[in-house]
Structures are given as structure tokens and as C-alpha cells.
Amino acid sequence: MSRIGVFICHCGENIAGTVDVAKVAEAASKIPGVALAVDYKYMCSDPGQNMIKDAIKEKKLTGVVVAACSPRMHEPTFRNACAEAGLNPFLCEMANIREQCSWVHEKSDVTTAKAIELVRVIVEKVKRNKPLYPIKVPVTKTALVLGGGIGGIQAALDIANAGHKVILVEKQPSIGGHMAQLSETFPTLDCSQCILTPRMVEVARHPNITLYTYSELESLDGFIGNFKARIRKKARGVDEKLCTGCGVCMQKCPQKKIPSEFDAGLGKRPAIYVPFPQAVPNKPVIDREHCTYYKKGKCRVCEKFCEKKAVRLDQQDEIIEVDVGAVVAATGYDIKGTDFFPEYGYGKYPDIINGLQFERLASASGPTLGAIKRPSDGKEPETIVFVSCAGSRDPAKGINYCSKICCMYTAKHAMLYKHKNHHGKAYVFYMDIRAGGKMYEEFVRRAIEEDGVVYIRGRVSRIYQEDGKLVVKGADSLLGGEPIEIKADLVVLATAMVANSDAEQLAQKLKVGYDPYHFLSEAHPKLRPVETNTAGIFLAGAVQAPKDIPETVATGSAAAAKVIGLFSSAELSREPVIAVVNRLPPPQFSTCTGCFLCEKACPFQAIEREEIKDRKGNVIKVVAKVNPGLCQGCGTCVALCRVKAIDLQGFSNEQILAEVLAL
Amino acid sequence: MKLGYFPGCSLQGMDIDFNESVFALARRTDLHLIEIPDWNCCGSTSAHNVSHLLSLALPARILALAEKAGLDEILVPCSACYQRLMTAQHELLENDELRKEVVDIIEMDYKGTSKILNIIEGMVKIFSGAELKIEKPLNAKVACYYGCLMVRPPKVMKFDRAEDPQSMDELMKKFGADPVDWPFKTECCGAGLTLTRTDLVCKLSAKVIESAIKNGAEIIIVACPMCHANLDMRRADIEKAAGKKYNIPVLYITQAIGLALGINEKELGMHRHFVPFVLPEQPKAAPSAKPAEPAKPEVGEKPAAGAEE
Amino acid sequence: MDDKPLSLRESLADQVKSITGESVANCYQCAKCSGGCPLAEDMDIPPSQLLHMIQLGLPELDERVLNSLTIWLCLTCETCVTRCPKEVDLPKIMDFLRQESLKRGLINPQAKKIIAFHKAFLDTVQYTGRLYEVGMTADYKLRQPQTAMQDVFTAPKLFMMGKLNLFPHMIKGRDQIARIFARTLKKEAKK
Chain A
1 MSRIGVFICH
11 CGENIAGTVD
21 VAKVAEAASK
31 IPGVALAVDY
41 KYMCSDPGQN
51 MIKDAIKEKK
61 LTGVVVAACS
71 PRMHEPTFRN
81 ACAEAGLNPF
91 LCEMANIREQ
101 CSWVHEKSDV
111 TTAKAIELVR
121 VIVEKVKRNK
131 PLYPIKVPVT
141 KTALVLGGGI
151 GGIQAALDIA
161 NAGHKVILVE
171 KQPSIGGHMA
181 QLSETFPTLD
191 CSQCILTPRM
201 VEVARHPNIT
211 LYTYSELESL
221 DGFIGNFKAR
231 IRKKARGVDE
241 KLCTGCGVCM
251 QKCPQKKIPS
261 EFDAGLGKRP
271 AIYVPFPQAV
281 PNKPVIDREH
291 CTYYKKGKCR
301 VCEKFCEKKA
311 VRLDQQDEII
321 EVDVGAVVAA
331 TGYDIKGTDF
341 FPEYGYGKYP
351 DIINGLQFER
361 LASASGPTLG
371 AIKRPSDGKE
381 PETIVFVSCA
391 GSRDPAKGIN
401 YCSKICCMYT
411 AKHAMLYKHK
421 NHHGKAYVFY
431 MDIRAGGKMY
441 EEFVRRAIEE
451 DGVVYIRGRV
461 SRIYQEDGKL
471 VVKGADSLLG
481 GEPIEIKADL
491 VVLATAMVAN
501 SDAEQLAQKL
511 KVGYDPYHFL
521 SEAHPKLRPV
531 ETNTAGIFLA
541 GAVQAPKDIP
551 ETVATGSAAA
561 AKVIGLFSSA
571 ELSREPVIAV
581 VNRLPPPQFS
591 TCTGCFLCEK
601 ACPFQAIERE
611 EIKDRKGNVI
621 KVVAKVNPGL
631 CQGCGTCVAL
641 CRVKAIDLQG
651 FSNEQILAEV
661 LAL
Chain B
664 MKLGYFPGCS
674 LQGMDIDFNE
684 SVFALARRTD
694 LHLIEIPDWN
704 CCGSTSAHNV
714 SHLLSLALPA
724 RILALAEKAG
734 LDEILVPCSA
744 CYQRLMTAQH
754 ELLENDELRK
764 EVVDIIEMDY
774 KGTSKILNII
784 EGMVKIFSGA
794 ELKIEKPLNA
804 KVACYYGCLM
814 VRPPKVMKFD
824 RAEDPQSMDE
834 LMKKFGADPV
844 DWPFKTECCG
854 AGLTLTRTDL
864 VCKLSAKVIE
874 SAIKNGAEII
884 IVACPMCHAN
894 LDMRRADIEK
904 AAGKKYNIPV
914 LYITQAIGLA
924 LGINEKELGM
934 HRHFVPFVLP
944 EQPKAAPSAK
954 PAEPAKPEVG
964 EKPAAGAEE
Chain C
973 MDDKPLSLRE
983 SLADQVKSIT
993 GESVANCYQC
1003 AKCSGGCPLA
1013 EDMDIPPSQL
1023 LHMIQLGLPE
1033 LDERVLNSLT
1043 IWLCLTCETC
1053 VTRCPKEVDL
1063 PKIMDFLRQE
1073 SLKRGLINPQ
1083 AKKIIAFHKA
1093 FLDTVQYTGR
1103 LYEVGMTADY
1113 KLRQPQTAMQ
1123 DVFTAPKLFM
1133 MGKLNLFPHM
1143 IKGRDQIARI
1153 FARTLKKEAK
1163 K
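Which chain is which? The protein sequence lines are A, B and C, in order. According to this note's numbering, the stretch in the first sequence is residues 1 to 663, in order. According to this note's numbering, the stretch in the second sequence is residues 664 to 972, in order. According to this note's numbering, the stretch in the third sequence is residues 973 to 1163, in order.
Bound-form chain A, shown alone (with noise of 0.2 angstroms):
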């Protein structure tokens, strides 16, 4: 038999000034199954508090109903009471009788009567509650973090330095992503390697985290606090613990003219290579597409003057397997090339470049040495036209975004390029200036005003070659669209920032949203930049949005808060209000027939399928099972069961069907 205690609040004047409270707790009283009704001026207050709690004991409630605020307010605390006072919380509910009745009606009978009813409907539901428990799920406190750039080391640092295990995943030979293949860094123009190395160096010694670079993530299955992590490690062909590193097989190695990626195509490598002398660590890698053993059957001089024999040339690739609590996604992004652009050329001017092979000629471990060189005769350019906004903002071209990054990088380049060259002439063609960051603006005016670049207002429309120069055609919006011609030695396309040929990929294994640009998904994009919808997965950097070396490494930091809060318990606590797939004796064992609309249907990839057997194995039934770790309780799976089978707990069937039924 109900024993429901009622709690009617007059919040001050905010109910009470539009709602006869007196009246409400006098019609509440007559509700079969209440054994108690009293209004009182605060019951979030100590004082309420205690009323609920002694109300309990004295009147043995087997549950309270407390008529006040939005339970987005208030429901913790009164469910807390309830549970100080020996009564599950779960069999406590609020009728919102503040935010849905006197804050937004006059004061009268038909408020009061309203009032009235929205107390009965909930007294029916919770006549119809059932005691709920918190979910516990355990904890694997170790972190997986993807992608060894300047993201993904701050990310993995910080979760380390807390103490828990962190496994970095780097897909490149090493690890420093684009961030060391920059020359100077705005605002401050540091030199990247050297801010960077020494964190490289800081990942590497940590005893906490162990790194795989030349790997990738195969797979990942399990949901928050305990997932299952298999990398595929490739082969690198040789044998890293017993690699020095001394470089005598790159010396040696006979096919030297391999495109460098570290270089943006710009530089050669050998077939046996370490991306840059910097790298951590500083083992090489076979590339097997152009090393002449593979392609031939011929050489392997590598191996020949290897002193340590540690070239394995038969090395497989290697599956490893790691049980992680958390995710973070930090992989970072790629930039357009030239080719991407019809009117410039489709990439076929040698000296038609972007934004990351400028960084390359500019850097003085690059293949010029730092000296800004045209990569088609290696003479150096006495005018260099800088081209914003190259493919971003355009949806002409599919790339409605901006790419936050190009303002300030385009003002760097023509910085660095005046800084060695004082008689070159720099241009830059431009629609706005994006200079939101903290002495970003300052770093844009010292480029025009102390170092003389002259900055263009209006889009560039063409550029072909000429006479060995580029000729650049666009227009000065700003003195009335009039065509401005400039024949460059050198063009710099600041390309769009855009996701990686293989996010796509990499977001469906890991079930994370991603937006029409291969961005992955955050949560919330104001209140939760770095969690995603999927519970135990987490973003850091330009895998999500463009974003500049400062927010990277904010975001790395605080995905690795969100880890570590997630780790500081042994086991994580969640909220029973999830859905269930009814369980009855045998022979019937579930009402749910097995179509599996649900699973396909939970956005939160939360139901599996459990195999009901008998004693001897056989399988008898196939049904629906929800995972109550990654249940979010929305109900979609509720609502598309035909047969009923699967119902959420605190807000069933009955309940809601109840709550409908006492209006």
C-alpha cells in the first residue's frame, strides 16, 4: 500500500504569490495512497530538508513527491535527503509546479486547479516507482591517446603526470606531427623544433607511457572504462631495440631521391630513412614502396653495413592488444594541396607552393637550409605574392570554413621572408584579417608596418607562368575592385585546413559523429569541446576544427582532465535511468521476438544481442540486451519496440501511462 508523502513549496512568493498552496496541499491530502500533504515557505532549505527526512521516519513513506522547482534544480538535493533518510531516491519525485505553472500564469482558481493536477499526476507515477541502483562499472585506468602532434604529447604528458598509464599511438615514423615541420611559431616566432623536441623527448623517457609510433589503430571495441584496443604496429624493417640510430644504413642506402613527406615533397630521402634528425625515436623505417629489396629482390645494403645487424627485412607487421578506460582522438589534420585549384594552375607550377612547403624552405633543417629558394631553379625570389584564403571560405569549392590558422601564418611567412631577404617585395592577397589570438593582432600590423608587406585587398583570380615568372591577377577591393597584376617569383597558396584522408575511418572505429567536412564531433560545441557523444572518448586539437598550437594544446590538456576525472575512481557510478529488455521465467524468457530494430536504431550504439541457452549450449533465442555502461536512458529504443519488450527505468510504460491517465 502507498504511503506517499506530499511537499508542497511556496518558494518564497514565486509559487505561493500565484498558486493557493494551502489549497494544493489540502486536495493533495485526498489523494488515495497519500499519507501525508504539507506546504511549507522552503523545502530546499535545511529546515525542508529535515521535514522530508523526519516525515520518512515518522511516517514510514514509501515515497515522496515534492512540488516545487524544475527537478533540474532541485531534484539532487531532495533525492539526497530522501537517501539520508533511509528511502531510495529513486522513489522521490518533483511536479514542477514553479517553471510550468506560477511562472508562467496569472494568478487564479484555474493556476491553483492546474497546480492541483500536475501534483496528482506525479503522486501516480511514483506510486508506480520502483527502487533504482547506480549502475557501477569498473575502470581500466589506462588511456589510449592517437596521434603523436603537439595535442596528443600534451594530452598524454598531462594524463601521465597524474599517474595513470598512457599508450601514444603515432602513425608517422615519429612522432612531433606537423608542429615539427614549421620553422618559426606565431606570435613569439620560437623556433618550433625547439619548444617541441624537448617535449618529444619528455614522452619518450615517461615512464607512464609506453610509445608506438609507425602504428595505427585497427580497431576499438568495448565502451567507457573498459575498452579493447588492438594497433597494428607496422613493420619497420628494422629492429628498434637494437637500432642506435647511428644513420650509417641512410648513408648507404643507394635509392636517394624519394620524395621527403617530412619536407612537403620539397626535399629527398633515402628508401631506409628517420623523417628528421630530431625524430623520437630516432629509429628508421623501410618504406616499402620504393625500397629496391622489396620492389626487386635486389640489395639490402642496408643490411650489409648495419653494425648492430639489426635490419630485419622479413619483419611482419604486429596486432597488439591493450585494454584502455578512455580515448583521445588527437590526429590532427592535412592542408590542400596546390593541385586542388583549376585557376592556379592545378598544381602544375613548380613554383606555385603551400603554406606547409614554405614552412619547409624557411626552416633551417629544411631542404634549402632556411634560405627561401624557388624550388624550380633554386634562385631566390625577389617578389613573393602570398595568396589567402586558398580554398577556404569557398563554397564554390566545397569549403564553406575558415581555416582560422592562414591570417596569421600568411603574416608570418612574409615576416620571415623580409627578415632574410630586406630588398624582396612581399604582396599579400586577402579578404579579411583573422587575428583573434592573444598579440596576434600586434604580430599582423608589425608585418605591415615594420617589415614593409604590403597587404591587398581582394581575391586572387588567376596565375600562369610567363617569361620563368608567375603571373598574379586579382583585383584591390579597396579601390573599387580595380585589377591589380603582379608578376611574382614566388607564389604561396595558403591552402584550407581540412581533415584527413582517413578520419572518416578512423571515426566510425572509434563510433564518434563527424560532420560533413570529416571533422570529428564534439559534444556540445560551447559547453563540451572536448568530450564527444560517445561516453569515454575525447578530442584534442585539429582533428575536430581548425585551430592554432595554443588551442591545441589547451584542448590536449583538458581532454586529459576529463581522463583523469574519469580514472579518479575505481569504478565509475552511473545513473540507473536506462532502458531494459524484460527478462520472464522460461519457456518465454523475454517478450522481445529478436528483429533488432533497437540496436539499430540507439544512437548510443548501446544494445547488444545476448544469446539465451539451454543446459546443454543450444542457443534457443536471440534477444536484445542494453549495455548499461553506455545507455544514455533517451528512450528512442522505447518508443520503436513493437512489442513493448524493452521498457526505461524511472520513466516506464506504466508510469508515463499513469501520469497521462490521473489528468
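Calculated directly from the structure, the hints in this document are not laboratory data. From a predicted model like this one, the values you see are computed outputs, not experimental measurements. We put the beta carbon where it would ideally sit given N, CA and C, even for glycine. Hints may contain errors.
[Unchecked claim] In silico negatives: residues of chain B with every beta carbon more than 12 angstroms from chain A: (1) LEU666; (2) HIS715; (3) LEU716; (4) ASN758; (5) ILE789; (6) LEU795; (7) ILE797; (8) GLU826; (9) ASP827; (10) GLU873; (11) ASN927.
[Stated by the list, open to error] Within a straight-line C-alpha distance of at most 27 angstroms, the following computed DSSO-like cross-link-like pairs (lysine-lysine) qualify: (12) B/LYS731 x C/LYS1144; (13) C/LYS1084 x B/LYS903; (14) B/LYS731 x A/LYS379; (15) A/LYS625 x A/LYS509.
[Claimed, not checked] Computed list of chain C residues with no C-beta within reach of chain B, every gap over 12 angstroms: (16) LYS976; (17) SER979; (18) ALA997; (19) TYR1000; (20) GLU1035; (21) LEU1078.
Given the coordinates of chain A, assemble chains B and C onto it according to the supplied hints.
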């Protein structure tokens, strides 16, 4: 092979040599051209400049006549006519109300089902499967000049690519020519301003000719009668305005193909050109830069003298 | 113009939207069109600036737009729309501006020759069904007598080459063509 044929006003008048060369090729192959009966002018630039409905009605009547005559495919050598017909077909396809209005105006049934072929598509169609007997391969460096109307706007024309198109270049290669990579393939020659602003036509056409010569071309190949008229007929005016002499001849694509097949110049109407077709005597140097190869930049390496990347 | 307050008047931008379907607000003034336009430096108002004037929606600017030489010099070479990142159909807007300029009688004095050419061209089409080059030239020179001596030396050369038809070809459906003109060009001119 049967094809409907829409010569357009230029090919019957000022640019009759284009027409002659098309028929010269037809005679050498199994191409049978059926002229659309009682066709009218497409309206060209003037119609769309002064009246939207007129610019749709005139081409619609032509297409309706083609449908009536049972001609599913129509060859339209003139690029301007081609663009007007394609544009009208496209607009009437997209907008039902407009189509009804135009059908009322032209008093004819119109389904919009004709396949309209430009001269390049026509040439490719005729010569793709055919056994080619190239008696006199062109052996010259040619600048393929597409003009502005054949490939733009890309959403309507849906032919080749709007920047640095390749179809004419590929066709010329087949007939032994060496197409040069040059940046003025689709830059406008001045078009319909030929009478009213001859000064601007001279300016724009001079740029085209200069670029072709600069990039090593010996002949300019065109596919549009307006381009031909501006580059050929107006040559004296261009030279006067630029203060230089330009000897480079201008041939229609059909004439170039005709020469390769061994057809004599008179049959191809080449005697009607203002600029004589004379190739300069010169030893054959290394082939010119092939179009559309992606850049393989090698920093600091100087290329061998004379050769190009 | 009329006395309605600015907010209630139909601006040129509104007309562009209702007649061509193009929204001038889409243009973010990058000036790529002006950069690629072959005649931008010969126009009085480069194309991107012309579009900005329409964007502002002010009657005096609307008048200047229609009075410009730009719209008549435009070759409709379609380079601008091919390269426009926002895919604004500028050639379509130019066609509309030309037609509106004629309708309102706001014509740049330097454009009179060009309009005379178009009229002469279409006159022969209306009369014969096809372009009659000799007739058109005569018509044009009568409209613009100062051009009488133009190309006077080229003409005999053309005739000798067989490129000049002295007599027009009259198509059988001339009356149909005449009716097409009556229902389109003539009707619009009367409005």
C-alpha cells in the same frame, strides 16, 4: 553516321570556310549531316543582352524544329550558337513555368530532349572508332584556343574543364600536332564588340596572339567563328594597335584535321583567310611542355639547358 | 522616383532577386570577379564594385549602376561566375541590368553604339529569320553615322573572299519569327 546540323548564321555568311571544312570532313568519312529545316538565328549575344524571353525563344524554336525533324543529335560548330542552345535547353529544363511560356511564344512542341554536340564532341564522335589515314600529320606546335563560350559556365556546359581544358589538345595530338601548354586557352577575344569597340577587341586578341607565340605555337586552332574573325580578319587592326607584325595563322579545328587527312586547302576554305597559312621554317626542337602534369619541384636543381620540366 | 519611404521601395537588389533569383547579399566582395574580368580596367565601374553598389540598396546608386558603361561592355564571357567562390551568377545579373537599363531609359552615352549594334543585329533577324550581315552593317551605320567609314576597306576584301552575302536568306517561318519578336522584345519595350 547521321547527325542533325545547325550551321548558324556565321557559317552561312562571314565564316563560310568553317562550314566548308565541316562538309569536307563529312565527305571523307561516313558522316551524313542533315540540316535542321528552316532554322533561324539563335539570337547570339544581342538577344540575351536585350530580352530574356527572346534569348530563350529563338533557340527553343531551333530545338523544336530539330525534334520535329526527328534529329536526336545536333552538331553545332559555332561555339556561340552552341552556348545559346545549351543555355536555353538548361534553363527550360529547370523551370517549368518558363518552359510553358516559351512554348506558347514559339507555337511549337518542345521536349528539350535533343543532344547538342559542339564541334569537338562532333569530331571525337566521328573519328573515335574510325580507321584514321593521316596522310600529312600536322607536325607543328599548335595553340588550342577554346574561347570563352565552349566550356563556361561549367554547370551548364558540362564539357571538359573550365580552366585549362584538354579535349581539343587531345584531338590535335591524334592528328600529329604538338599542342603547347599556354595560359590563354579560354581568355575572351573580345567577341561581339568587334564592330562597336574594335579597340578592345584588338587589345584582347593581341594578348591571345602574344601568349600563343610566346609559348612556342606556330598555328592557333580555334573552334568558334567569332574567335576566328577577331584573330584572323581583324589581324591588320590588331597589328596596327599593337605596333607589331604577327604572322601566326589561325585555323579552324576542322581545317586542321582536314589538312592532316590530306584534303587540299581550297576544299577546306582556307583561301578565304586573311592571314596566309605558312608555317615558319625551323628545326624541330624538343617537345614543348606537356599540359597538366603535376609539379615535381626539385629545389636547387637547375634543369638541363633547353629542356623543360 | 516615387515618394515612398526607402524601406518600402523596391530596390534594384529586390528586383534582381525576384527576376533572376540571385541574391546580391551572397557576394562577400572578394573581388575575384574583377581580378579575372578581361575588360575590368576598361569599365567605368569594375564588376565587384557594381555589385556592391546594388547591395547597398540606395536609389542614387541604383541609378548609377544602370547608367554605367560596365553593363554594356560586359562580354558575358562567364569567367566571373566560373571562378566566384559564392557562385553568384553575375552574367545573369548583367543581362537583367541591361534589360532594365533599356526599360528605364537610363543609358550611358558611351553605350549607345553598342545598343545600336544589338538593335541592328536583331532587326535583320526579325525581318529575315537569320542574321543578314550586310543589312545589319548598313542598319548600324545609319543609326551611328559616325561609324560610316569603319571597315570600309575590309568589306571589298570580304566580298572577294566570298564571305559577304549581298542578299539575305529569308526563312519560310518569317511570320513565326515576327510573332516571337512581338511577344518578347516588342512587348517588353512597350512596358
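Taking the hints in turn, this is what the structure says about them:
1. Look at B/LEU666: its CB is around 31 angstroms from the nearest CB on chain A, clear of 12 angstroms, so calling it non-interface holds up.
2. The Cβ of B/HIS715 lies farther than 12 angstroms from every Cβ of chain A, with a closest approach of about 24 angstroms, so its non-interface assignment holds.
3. The beta carbon of B/LEU716 is kept farther than 12 angstroms from every beta carbon of chain A, the shortest such distance being approximately 29 angstroms.
4. Every CB of chain A lies more than 12 angstroms from the CB of B/ASN758, the least distance being 22 angstroms, so the non-interface label holds.
5. With a cut of 12 angstroms on Cβ distances, B/ILE789 stays outside the contact zone with chain A, its closest approach being about 29 angstroms.
6. No beta-carbon of chain A comes within 12 angstroms of the beta-carbon of B/LEU795; the shortest separation is about 29 angstroms.
7. With a cut of 12 angstroms on Cβ distances, B/ILE797 stays outside the contact zone with chain A, its closest approach being about 29 angstroms.
8. Annotated as non-interface, B/GLU826 brings its C-beta within 12 angstroms of a C-beta of chain A; the closest such distance is 4 angstroms.
9. Look at B/ASP827: its CB is around 6 angstroms from the nearest CB on chain A, not clear of 12 angstroms, so calling it non-interface is violated.
10. For B/GLU873, the requirement that its beta carbon stay farther than 12 angstroms from each beta carbon of chain A is not met, with the minimum near 10 angstroms.
11. Every CB of chain A is more than 12 angstroms from the CB of B/ASN927 (nearest about 37 angstroms), matching its label as outside the interface.
12. Straight-line distance between C-alpha atoms of B/LYS731 and C/LYS1144 comes to about 16 angstroms, which keeps the hinted pair within the 27 angstroms bound.
13. Our distance criterion of 27 angstroms between C-alpha atoms is met by C/LYS1084 and B/LYS903, whose separation comes to about 26 angstroms.
14. With a C-alpha separation of about 65 angstroms, the suggested pair B/LYS731 and A/LYS379 falls outside the 27 angstroms cut-off, and the hint is violated.
15. For a cut-off of 27 angstroms, the pair hint linking A/LYS625 to A/LYS509 stands: about 22 angstroms separates their Cα positions.
16. For C/LYS976, the condition that its CB be more than 12 angstroms from all CB atoms of chain B holds, with the nearest at approximately 27 angstroms.
17. The claim that C/SER979 lies off the interface holds: its Cβ sits roughly 29 angstroms from the closest Cβ of chain B, which is beyond the 12 angstroms cut-off.
18. At roughly 21 angstroms, the least C-beta separation between C/ALA997 and chain B is larger than 12 angstroms, which holds for a residue marked as non-interface.
19. Residue placement check: C/TYR1000 keeps its beta carbon more than 12 angstroms from all beta carbons of chain B (closest about 20 angstroms).
20. Against the 12 angstroms criterion, C/GLU1035 stays outside the reach of chain B, whose nearest CB is about 20 angstroms from its own CB.
21. No Cβ of chain B comes within 12 angstroms of the Cβ of C/LEU1078; the nearest lies about 14 angstroms off, and the non-interface call holds.
Checked against the numbered hints above, the structure violates hints 8, 9, 10, 14; every other hint is satisfied.
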